[in-house]
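Given these sequences and hints, build the entire structure.
As they're listed, the protein sequences go chains A and B.
With this note's numbering, letter number 323 in the first sequence gets 323, and the count goes up by one each step, no holes.
With this note's numbering, letter number 195 in the second sequence gets 195, and the count goes up by one each step, no holes.
Keep in mind that the hints were calculated from the coordinates and are not lab data.
This one's a predicted model, so the numbers in the text were calculated from it and none came from an experiment.
Backbone N, C-alpha and C fix where the C-beta goes; we use that ideal spot for every residue, glycine too.
What follows is a list of derived Cβ distance ranges for each label pair:
1. 336/A / 150/B: 50 to 60 Å
2. 332/A / 185/B: 35 to 45 Å
3. 68/A / 150/B: 55 to 65 Å
4. 114/A / 47/B: 51 to 61 Å
5. 133/B / 310/A: 17 to 27 Å
6. 133/B / 237/A: 43 to 53 Å
7. 310/A / 37/B: 46 to 56 Å
8. 267/A / 61/B: 37 to 47 Å
9. 336/A / 88/B: 47 to 57 Å
Single-letter residue listing:
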Amino acid sequence: MAGKNYYKIIRILILICILFSLLSCGDERSIFWTIIKARKEKDNSLDNTLSIVAMTEDGTNYYISAGGSIWWQEMSLEDDQWKKVKFPGKGVLCTALASFGSSLYAGFILDNGDERLFTTTNPTAKSPDWTNVTDTLVTDKQIIKLMQANSLLFISVQEQDSNYSLYYYNGADFFSIHDNVTDKSKPILDIGWNGSVYWTISGSKIYELNASLDSAVEIDSIDSDGDFTSVLYQDSSGDYYVSSEKGNIYIYDGSEWHYLGKDDLVEIGGKVVAFTDLAEVNGNILIGTQGYGFFETRSGSLDDLDRAGEKDDMDSILSSDLYTSHVLSLYETATNRVFFCTGGNGLYHNTYNGEKWAKDWIHE
Amino acid sequence: MKNKYIVFLVLAFIAMTGIAGYGDEESVIALPGHELGDQVFSLRAGVILPLFFHDFEEYKVYSANSTIGATGAIQWNFYLTSYLRLGLDIGLAFNLDVNANLYNMIPITAKVTYVISVSRFEFPISLSTGLNVLNYQDIYDLSFIIRPGVAGYWRFNANLSFGVEIAYWWLVEFPAGDNPAVAGNFLDISPSLFYHF
Chain A
1 MAGKNYYKII RILILICILF SLLSCGDERS IFWTIIKARK EKDNSLDNTL
51 SIVAMTEDGT NYYISAGGSI WWQEMSLEDD QWKKVKFPGK GVLCTALASF
101 GSSLYAGFIL DNGDERLFTT TNPTAKSPDW TNVTDTLVTD KQIIKLMQAN
151 SLLFISVQEQ DSNYSLYYYN GADFFSIHDN VTDKSKPILD IGWNGSVYWT
201 ISGSKIYELN ASLDSAVEID SIDSDGDFTS VLYQDSSGDY YVSSEKGNIY
251 IYDGSEWHYL GKDDLVEIGG KVVAFTDLAE VNGNILIGTQ GYGFFETRSG
301 SLDDLDRAGE KDDMDSILSS DLYTSHVLSL YETATNRVFF CTGGNGLYHN
351 TYNGEKWAKD WIHE
Chain B
1 MKNKYIVFLV LAFIAMTGIA GYGDEESVIA LPGHELGDQV FSLRAGVILP
51 LFFHDFEEYK VYSANSTIGA TGAIQWNFYL TSYLRLGLDI GLAFNLDVNA
101 NLYNMIPITA KVTYVISVSR FEFPISLSTG LNVLNYQDIY DLSFIIRPGV
151 AGYWRFNANL SFGVEIAYWW LVEFPAGDNP AVAGNFLDIS PSLFYHF
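Have a look at this one:
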């Protein structure tokens, strides 16, 4: 009889051990704790279902291109309403946007299908004075992206023969860039400048251009696991960061490459995470993703690559749609504010003070 | 006029409770009581009110930070004696957080119920315990759950009962990381349907 009781106690103890093993084998993040920490997003006036394809600023206002329109908000007013910029005609769609000099430049598809680059110096006026840029280098070509680097405006276009090219504007004239800057089949999506050379990415290739932009060579010392999506030069470390659409981040420190590796791609739920864009805020390297919000590496090391939400100061993002958004691009400002331009979830922003993110995520 | 009204109410009450042999063949009073081997299957659906959270580090109480949600469950029981039954309860509940993100819970519990019968009415007092599967965004976790409850049922006939169950959910989550263990407190109010066989 005593033996039977002994076995009963052993069974109960085993059951209790199994129960507690089960209870403690879950996620490192606590669901209830996350819900306690969740903060209601502050929501400004912008439509939360917009896809933000481009963002820029002119020192006074922010501008975004979304849903074919351009919107603006005064930079000094945190909760300023977003207002639409009036276009140079009806049925016009904006495809790219950048501020350069004292003007706003926008790629448009006109109602008759023509593709044009326009510029204005007074975009917030009731009737902005839009000027059609008539230089043949950028006329009747779809403007894919407008980018600024080293006080030049770079124009990534698709030619009428479907090839992709890159041009630049120095404030006075437009110029072609050496043919070797692209393999023609993939658009140039980003450009980085380290003070002496430029890096551009096109498909799965990286090109280095000299300062005068008349020579370009392909950097073939790295194999990509897919097309590159963004390039970033970090002043403080002198490193180039390059993101790929197949779960890899590459860092070039001036002499050699460091990367996550083919066998260690970033995956979530068995799916490789597509990285979309890179930005730096106060030493924190941010990496936008397709469907998983963003990642960050505060130490600059790939061993310390965390998805937003996995650090203590990021609890509140777990309750935000940004956590599962497709981040199309990241836009950092001089005030350490970062805008997260999403596909279909509107525009978010927050500020990183060098140690942590502010608690409130603003949904514009 | 007032007296007539009172007489009518008394007669209605007598009719409803079956004291006058109302529907003799259908009345539970004509049925034998529950006994070992009798089984009950039930469905319930209702609302779940998030009350508050508290942690086990600083023993602070936190706002539930959630909306009222919905809950439902299926339950199977068998009688051990005429007033005690034992069973399994599998539920589903979901609520929304402050930003309208869904979180859901699937409690799988063993349930012991003491049934107090008064005429056509039954008042079960129950205690469930088991595991609860939690999901929020891409996080999955298990928690421990204790769920005491009371209910009131009216036996429509030998096979069917209707009523309402009110249960308190106390769920304790032990995360594997640095976050403290946290208990969630919820109140579940669910109209239920019982099938006796």
